[in-house]
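*Asks:* Spelled out, the chains give:
2 protein chains.
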Amino acid sequence: MNKPGLLIVISGPSGTGKGTVCKALLDRNDFWISVSSTTRRPRVGEVNGESYYFLSKEEFLDKISENDFLEYAEVYGNYYGTPKSKVIEMIESGEDVILEIDIQGALKVKENYPNGVFIFILPPSMEELKKRITNRGTETEESLMTRFKCAYKEINYLSKYNYAVVNDEVEDAVNKIESIILAEKCRVDRIKSTILDSKEGLIHEQLYD
Amino acid sequence: MNKPGLLIVISGPSGTGKGTVCKALLDRNDFWISVSSTTRRPRVGEVNGESYYFLSKEEFLDKISENDFLEYAEVYGNYYGTPKSKVIEMIESGEDVILEIDIQGALKVKENYPNGVFIFILPPSMEELKKRITNRGTETEESLMTRFKCAYKEINYLSKYNYAVVNDEVEDAVNKIESIILAEKCRVDRIKSTILDSKEGLIHEQLYD
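Same order as they appear, the protein sequences are chains D and B.
Residue numbering for the first sequence follows the UniProt record's numbering, starting at 1 and increasing by one per position.
Residue numbering for the second sequence follows the UniProt record's numbering, starting at 1 and increasing by one per position.
Be a bit skeptical, because a hint or two may be false.
It does not matter which identical chain is meant; a pair holds if it fits inside one copy or across any two.
Unchecked claim - Calculated pairs, PhoX-like style, for lysine-lysine (alpha carbon to alpha carbon, straight line, at most 20 Å): (1) Lys-131 / Lys-84; (2) Lys-23 / Lys-3; (3) Lys-108 / Lys-160; (4) Lys-84 / Lys-57; (5) Lys-149 / Lys-131; (6) Lys-130 / Lys-160; (7) Lys-149 / Lys-57; (8) Lys-160 / Lys-23; (9) Lys-84 / Lys-108; (10) Lys-160 / Lys-131; (11) Lys-160 / Lys-57; (12) Lys-86 / Lys-149; (13) Lys-3 / Lys-130; (14) Lys-110 / Lys-23; (15) Lys-84 / Lys-130; (16) Lys-108 / Lys-86; (17) Lys-57 / Lys-153; (18) Lys-149 / Lys-130; (19) Lys-57 / Lys-130; (20) Lys-108 / Lys-130; (21) Lys-130 / Lys-23; (22) Lys-86 / Lys-192; (23) Lys-86 / Lys-160; (24) Lys-86 / Lys-110.
None of these hints come from the bench; they were simulated from the model.
The shape of chain D in the complex, shown without the other chains (with noise of 0.2 Å):
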């Protein structure tokens, strides 16, 4: 059997630039994103698989009464999730599974896999922030501020998560990530079980690596 996979949730406030931070991660690592699904139509370039998994709404449904999803939420009319089947798969074969989500589907990620990795992406300085929101330069003065308040609020989430890293320079971020992982890897809660039953055999194989 397989030594089971990491559940590593990647997530923030807006404006904190947790994708950068994946994107350099999957970079440098072998990790499997999670893809979500949604019932909106795919834009022009996008692929079913990659970008989302493209449902209808019915599918969509269905899946939710099957409990299929990690978490989910309706945006706008339009549904979006984490399909739970697909992530669980994944992490059983022993692969790591990164999942980069806003903080309200973080916490219920939670709820449903308690056992994941939370990490909270913080953005160096409050003021840092607020530039990066600003630089994005396609919101009125009054929704930037809005999103900045909304910012300021979840980082009292901050809490529920495990670790928190800040996204001053990129490369240290994913540092910092890429041990936390190795980290949670050692962590005496997730492999004693396979340390003391097989303790006549103990071998290097049967813990993680």
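Fit chain B to the known structure of chain D by using the hints.
*Replies:* Relative to the frame of chain D, chain B by itself:
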């Protein structure tokens, strides 16, 4: 005020190579290693404050009554102990302190300093452990089996530790310990008050680096 450092306790049964791992860890990092106190006489070449702090029995007993040891033990009529005030002083000044210690000592340290990071060094296999103990070549077959059985039993204390690191390749074990230390500095449990109390001025310097 400095961010406090970590107390990193590296421990495990004899023969697992924790001394070698610690030496390699200190070669690569600027950690402060705790020096034990003892009442035994210095051997030729041993320097006070480097090998040990050499104390008289009276001095040692005074320190016991002042509660100035993180742990101590009497072995064949000599006392050995881990000085508390020096370790706490270094941690408070922001230094990460390494403590290499046997299992009984580590468990006592945990009682006095539960906030430490307790790392258990494991042999790659029980067969390899036996080989390592045998290769020291200084023991009779009987004392060898006693040591081996003791090490075998001691692995049960694993569950009192936070992390287990298999010492298969020293460099690999050191990488894991470095990751554990970096990850621990990102743990929300350790840093959330720093972040949430000073959210207004949330800046990188207020977190662990």
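*Asks:* How do Lys-108 and Lys-130 come out at 20 Å by Cα distance, when the copy is not named: within, between, both, or neither?
*Replies:* Neither. Shortest intra-copy (27 Å) and inter-copy (48 Å) distances fail the 20 Å Cα cut-off.
*Asks:* If the cut is 20 Å between Cα atoms, do Lys-110 and Lys-23 qualify within a copy, between copies, both or neither?
*Replies:* neither (22 Å within a copy, 39 Å between copies)
*Asks:* Have a look at Lys-57 and Lys-153 and pick one of within, between, both or neither, based on CA distance no larger than 20 Å.
*Replies:* neither (32 Å within a copy, 58 Å between copies)
*Asks:* Are the CA atoms of Lys-108 and Lys-86 at most 20 Å apart within a copy, between copies, both, or neither?
*Replies:* within (17 Å within a copy, 45 Å between copies)
*Asks:* Checking Lys-149 and Lys-130: alpha-carbon separation at most 20 Å within a copy, between copies, both or neither?
*Replies:* For Lys-149 and Lys-130, only the intra-copy Cα distance (9 Å) is at most 20 Å; the inter-copy one is 61 Å.
*Asks:* State whether the alpha carbon distance between Lys-160 and Lys-57 is at most 20 Å within one copy, between copies, both, or neither.
*Replies:* Answer is neither; intra-copy 32 Å and inter-copy 50 Å both fail.
*Asks:* Tell me, please, which holds for Lys-86 and Lys-160 at an alpha-carbon limit of 20 Å: within, between, both or neither?
*Replies:* neither (25 Å within a copy, 35 Å between copies)
*Asks:* One pair to classify: Lys-86 and Lys-192, alpha carbons no more than 20 Å apart. Within, between, both, or neither?
*Replies:* neither (27 Å within a copy, 33 Å between copies)
*Asks:* One pair to classify: Lys-84 and Lys-130, alpha carbons no more than 20 Å apart. Within, between, both, or neither?
*Replies:* neither (34 Å within a copy, 45 Å between copies)
*Asks:* For the identical chains here, do Lys-149 and Lys-131 meet the 20 Å Cα criterion within one copy, between copies, both, or neither?
*Replies:* Close inside one copy (13 Å), not across copies (62 Å); limit 20 Å.
*Asks:* With identical chains treated as interchangeable, where does the CA-CA distance between Lys-57 and Lys-130 reach 20 Å or less: within a copy, between copies, both, or neither?
*Replies:* neither (37 Å within a copy, 62 Å between copies)
*Asks:* Pop the pair Lys-160 and Lys-23 into one bin, within, between, both or neither, using alpha-carbon distances up to 20 Å.
*Replies:* neither (24 Å within a copy, 37 Å between copies)
Of the numbered hints listed earlier, those contradicted by the structure are 1, 2, 6, 7, 8, 10, 11, 12, 13, 14, 15, 17, 19, 20, 21, 22, 23.
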